[in-house]
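Chemist: Residue numbers (the UniProt record's numbering), protein chains in the order written: chain A, 1 to 681; chain B, 1 to 667.
These aren't lab readings, by the way, just hints derived from the structure by calculation.
No residue lacks a Cβ here, since even glycine has one placed at the ideal position from N, Cα and C.
Accuracy of the hints is not assured; some may be wrong.
[Said to hold, decoys possible] These stretches of chain A come out as covered by chain B in the derived footprint (C-beta under 8 Å, 3 or more residues):
no., region
1, 378-392
2, 433-447
3, 576-588
4, 654-662
[As the list claims (entries may be wrong)] Straight-line alpha carbon distances no greater than 30 Å define the calculated DSBU-like cross-link-like pairs of lysine-lysine that follow:
no., chain 1, residue 1, chain 2, residue 2
5, A, K541, B, K527
6, A, K583, B, K42
7, A, K574, B, K469
8, A, K622, A, K568
9, B, K440, B, K42
10, B, K527, A, K560
11, B, K474, A, K563
12, A, K507, B, K68
13, B, K532, A, K567
14, B, K146, A, K502
15, B, K303, A, K116
16, A, K203, B, K42
17, A, K128, B, K303
18, B, K317, A, K423
19, A, K541, A, K116
20, B, K474, A, K574
21, A, K399, B, K622
22, B, K474, A, K236
23, B, K622, A, K622
24, A, K318, A, K128
25, B, K620, A, K622
26, A, K399, B, K474
27, A, K583, B, K424
28, A, K560, B, K424
29, A, K236, B, K527
30, A, K399, B, K305
31, A, K568, B, K305
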Amino acid sequence: MKFTCLSEGKGYYFPPCHILNICGFRVLLDCPLDLSALAVFSPLPIAISSLLDEETSSQSSEFLDSKSLIQAEPWYKTVTSLQLWSIYSIDLVLISSPMGMLGLPFLTRSKDFRAKIYATEGASTLGKLMMEDLISMHIELRQFYGPEESGCPQWMTWEKLELLPKALKDIVLGSEGTELGGWMSIYSAADIKGCMEKVQSLKYLEEACYNGSLTIKACSSGLEIGACNWNILCPKGRIVYLSGSVFASTTASSFNYKALQGSDVLLYSDFTACNDVDGVKNDFPPATGSSYSSDSGCWETTTESSLDSDDYSEEMEKISFICSCALNSINDGGSVLIPIGRPEVMLQLLEHVSLSLESSNLKVPIYFVSSAAEELLNFSNIIPEWLSGQRQERFYSAKPLFNHIQLLNEKKLMVSPAIHSSKFLTSWQEPCIVFCPHWSLRLGPVVHLLQHWCADPNSLLIMEEGADINLAFLPFKPMLMKVLPCSFISGIKLNKAIPLLKILQPKHVLVPESLRPHIRCWNPKFSVRYFSENETVAMPKLKNYADMDIATDLYSNLRKDTKLIQKKDIARLKGELLIEHGKCRLVLGNKQVLSSQDRALLFLGRVELNSLLMALQKMGMKATAQHTQSTDGSENMSIVCISEPNEALIVVTSTRTMISVVDETTASLVSEAVRSTSGFI
Amino acid sequence: MTPAKVNSLNLEENESMPIECLVLGAGQEVGKSCVVVTINDKKIMFDCGMHMGYRDHRRYPDFSRISKSGDFTSVLSCIIITHFHLDHIGALPYFTEVCGYNGPIYMTYPTKALAPLMLEDYRKVIDRRGEEGLFSSEHITECMKKVTAVDLKQTILVDRDLQIRAYYAGHVLGAAMFYAKVGDAAIVYTGDYNMTPDRHLGAAQIDRLQLDLVITESTYATTLRDSKYAREREFLKAVHKCVASGGKVLIPTFALGRAQELCMLLDDYWERMNLKVPIYCSAGLTIQANIYYNTLINWTSQKVKSTSATRNPFDFKYVHSFDRSMINAPGPCVLFATPGMISGGFSLEVCKQWAPCEQNLIILPGYCQVGTVGHRLMSAKVPTKVNVDESAEIDVRCQIHQLSFSLHTDAKGIMDLVRFLSPKHVILVHGEKPKMEKLKKNIESDFEIPCYYPANNETVLIPSTQYIKAHVSKSFLQSSLSPNFKFLKTTSRADTDIILNEKTESLVQVCDDRVAEGALIIQNDEKGQHRKIVHQNELMAIAGGENHEVQFAHCFPVRVCNELKDVAVSPGENMPPVLDKHSLLHLLYTKLSNDLQDVTIQNAGDSLQIESFTISACLKEKCPHRLHVNPDSTSEAVNFCCVWSMGDEKLAWRVISVIKNLELKTG
């Protein structure tokens, strides 16, 4: 069993990507896109304006301004190392979040792609919406630049790349200059359709069986609606793939501990702790030296609720803080722009913003501009099974899961697929609150709205931390608009990583190299191996033997047929072989399974002359035996002559027994005698 | 002591713990479904229903049979509720809040959402009747808090040994069949199900499973139903005719399920026929239910789901809510009112008002419990008088139409499900005794599966499957994971004739060697018994034996025709061709190929080979395998010597007998 980390990713929007070899199958874990790399491209309005004053485009390679951005139809950056693997060799793709499937159409459109893709229903629905939204936003740019030239675009030539400022070059080529091969031109709607047809969607905890030998189960991870950790059962053991997880989420179904407990191998692929500087400052190492020692009783005392407790309240505080900031802006006569691409957070914000508007009696329209808006809102209202306990409680008390249906009916929320639709333009009113894609600030309605508001100091942009803010705002400078950077929980913090491992109690753990100091100072009970990007780690050996189940009725049947050979009871197998869910089973089949092996009996041991004689006599035959040597004198042989009821001759040497007969009846009698006295199975 | 240990001790005696199936309700009757099944020491209660026909203690299952002490929590591992109908969930609040059961309860999301509505509705009816309400509103709320909602196909671990899984059952929104497995023993409890899709729900769907027992409903154990569309048309025609002539239509229904299906049907029809007559739903109940239906669109049929992207199919265009004051308003209308069997409440109130008028129409559901007004109307011949309670009597002059489409599967559906699941045993519940008896006979004769239909409070014991674990060698595991099917040609035999076309002379059969290539090795030592499965190639080394070949030999004369001899002795030849063993063998080869079409004969030049059977011409004066010289062996015969391995005996003697009947001649 081997594990290769292809990419550690960059948090929520670009989840990690790995290859796992298990029981002879090659499993690809997630297939994301690095959409933050879109920052190198110029958004549409800037491209138009720079087209008008062409003379200023003297390219200086160090000074970064809005003209340094690449003015071309954007390409998309995939996981570069994935290109090194043959698509054909992948047997299975497991998707753990909607973001984890954005790069899938690049794989599935290849004719070499033959793998089976598993994703939860929630993740595949949201993933599909995101992909479709991406191409619908992209079309706007394509319409501007015209049809793409075939082959490599201009900006990708080395001469042009050399001219790029370092900040941009680092994004395009990667810090080591190796990542140009990961760039791809956008997929088509047909590619998405083809991709979705290959995705088998699962419910949480639904068992899917791959090739009879792997049983795969998605367990909710709490990160997003439909996001999951994977539980893989193979004949040799149980492997858990832990992706970015949130213990108590506000909207999505919460982290499922129970399903991940007691695995043989845990692949820890949540990189949040690796970048969790606060965690290091607050909790490690002196404060924890004693409390995490493995011999104290804290294995038992660590409870799930202690992990859950702050996640939820922290997130809710953030949401209400954002709402109050939005309200302040509105009160100042400004508008609020929220380009957050996380469906869970977006839905939560939408609801809370509308509630706070209502409670402060502000009548300000809320817009949701996205090609996916209507479908997302519809979808979110019919998925009680995929939501948190709090949301489900609303459903049980006969309230809709989210209040946006009501907002739509009351015309407080307006939904539009695009910014240029006439219905949208006629309903437009400022100040307002707008939810729209795309968080990269390079695609979609957000570009136009930013252009519109960036000079307004009363308006507010609510965006997620993480991106290079300077680069992100480059096309919109000077930015006079207020900016509220915020971060939402997207994984396991460092101070919770180890308590979690204590709860899950795996036998072996694979963790990112950067966690080594923290794990080492804690001295865990299980074996730990470390992995880093583009390095293959051999996984601990699990079991030598797999088990097979034999039905008791068949077993007792087999016992009757056993022969004692070398102090072992040996019997040839029979019955019907069932292989499902990683289990081999032999049952007494109702249908006769034909086998060509009926004839080729295997003989173990040798023919015992005396017992053979006795058996023959018992059957009423007249037999005499004599010992002699073969004609060349090399071998001892025994000869048994049978004279009644019919003639037969048995010649036994150490390697061979030759029975000469004259008729079938004698032959079968002799045969029976030989079988009964020697080790045939 | 864990049950697993007990089992391994008993292995040698082959005594596995039987599955114990105690029927507390719906045994040879319809009402208060409740079956307690014990699998390897885990007790599961399937459904906890109420009998609508009784008003005393008989309306509840006799829970004292589960635990004499009344400590149900420690005795039962869990309760599973299949759907929200009262005859499946009605006793649950009583059992948890009054009897004190405090353990896990599982049901699907829709059931958890809709069950409180049903329970509350019924509680009000009891209150209105002035009976002692056996559970309160608070009881229902508290009870529902203990419920864990599950999604379809999720494998839920109730505890370390017990796993359960829900499958789509059709019937009503959220109805599920449940699979439960403890150790190696597994069962399915179907609850109520429907094998054909209806207006808003899909057909039941389940995986092929290895099952010891299926407990199935048998409401329509002997009924076969024709096309649904004809029955729907009939219903629409009756309604249309009534409203067209100015009459009022009363449709008493359960608030959930049937009401939505009929609303959908009527809404659609109204749209198509451009009708303006109002359709009403009584009280807020059905309206409120529609909110749930809107959210639960994923649990309806694929057809409804696919239309839901544009318009919510449960937002009815022509359906409005009804006010009590409108009962005697003039003009035609259609009204849905609860309860379904007119056992009281609003539907009875309206029934009293509308029944005396000839123009009006009452549509009765397919099944009405004995003792309800619905049941009396069903058997009534109009015009007549019907007792509604002890004192009152109504004059029934209106038309009565009985709905003939049901939420339950028909007999064919039950048989289809049993055939599909092929369990080792079947238990029938939720049906009428004589019909169940007939269905039992059909199941036993058609599938050879033992079938039982216990009465209430009877227990049936079913032997359970148990597996014995054996280690598997890598080599055998690999060979079993890679199917290596071969195709065998065989002549049609008596047993295959039955299944296959008799005309086919030679059939291709698939043969699978994977199992037969394996061997089981059992070794006892001081540590106990070790079982291992190895591939035959590994066997020799493991058993420490040497390869010892056992062969049979037979040398016998074959007649050679005179003509051949005559031709053969021709001048100029060094050797008479009759002694040319190559040509003789070739002749034999041609003959055998003609006569034995199912085997592959290889011609190696100086010998012919069929599997391990080898035959060659024997020119030796004295062959050790020619035991006695045949008296009629003359110069007209040539000896053939054949050798074969043990195991190919049947084949060998078949070939020999063919050869012995031959006469070799040119041709």
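Chemist: Look at each hint and say if it fits the structure.
Modeler: How the hints compare with the structure:
| no. | hint | verdict |
| --- | --- | --- |
| 1 | 378-392 | holds (count 7) |
| 2 | 433-447 | violated (count 0) |
| 3 | 576-588 | holds (count 8) |
| 4 | 654-662 | holds (count 9) |
| 5 | A/K541 with B/K527 | holds, 25 Å |
| 6 | A/K583 with B/K42 | holds, 23 Å |
| 7 | A/K574 with B/K469 | holds, 16 Å |
| 8 | A/K622 with A/K568 | violated, 33 Å |
| 9 | B/K440 with B/K42 | holds, 27 Å |
| 10 | B/K527 with A/K560 | holds, 23 Å |
| 11 | B/K474 with A/K563 | holds, 23 Å |
| 12 | A/K507 with B/K68 | violated, 44 Å |
| 13 | B/K532 with A/K567 | holds, 14 Å |
| 14 | B/K146 with A/K502 | holds, 29 Å |
| 15 | B/K303 with A/K116 | holds, 27 Å |
| 16 | A/K203 with B/K42 | holds, 27 Å |
| 17 | A/K128 with B/K303 | holds, 21 Å |
| 18 | B/K317 with A/K423 | holds, 25 Å |
| 19 | A/K541 with A/K116 | holds, 26 Å |
| 20 | B/K474 with A/K574 | holds, 19 Å |
| 21 | A/K399 with B/K622 | violated, 101 Å |
| 22 | B/K474 with A/K236 | holds, 11 Å |
| 23 | B/K622 with A/K622 | holds, 24 Å |
| 24 | A/K318 with A/K128 | holds, 28 Å |
| 25 | B/K620 with A/K622 | holds, 28 Å |
| 26 | A/K399 with B/K474 | violated, 56 Å |
| 27 | A/K583 with B/K424 | holds, 20 Å |
| 28 | A/K560 with B/K424 | holds, 24 Å |
| 29 | A/K236 with B/K527 | holds, 24 Å |
| 30 | A/K399 with B/K305 | holds, 21 Å |
| 31 | A/K568 with B/K305 | violated, 61 Å |
The earlier numbered hints that this structure contradicts are 2, 8, 12, 21, 26 and 31.
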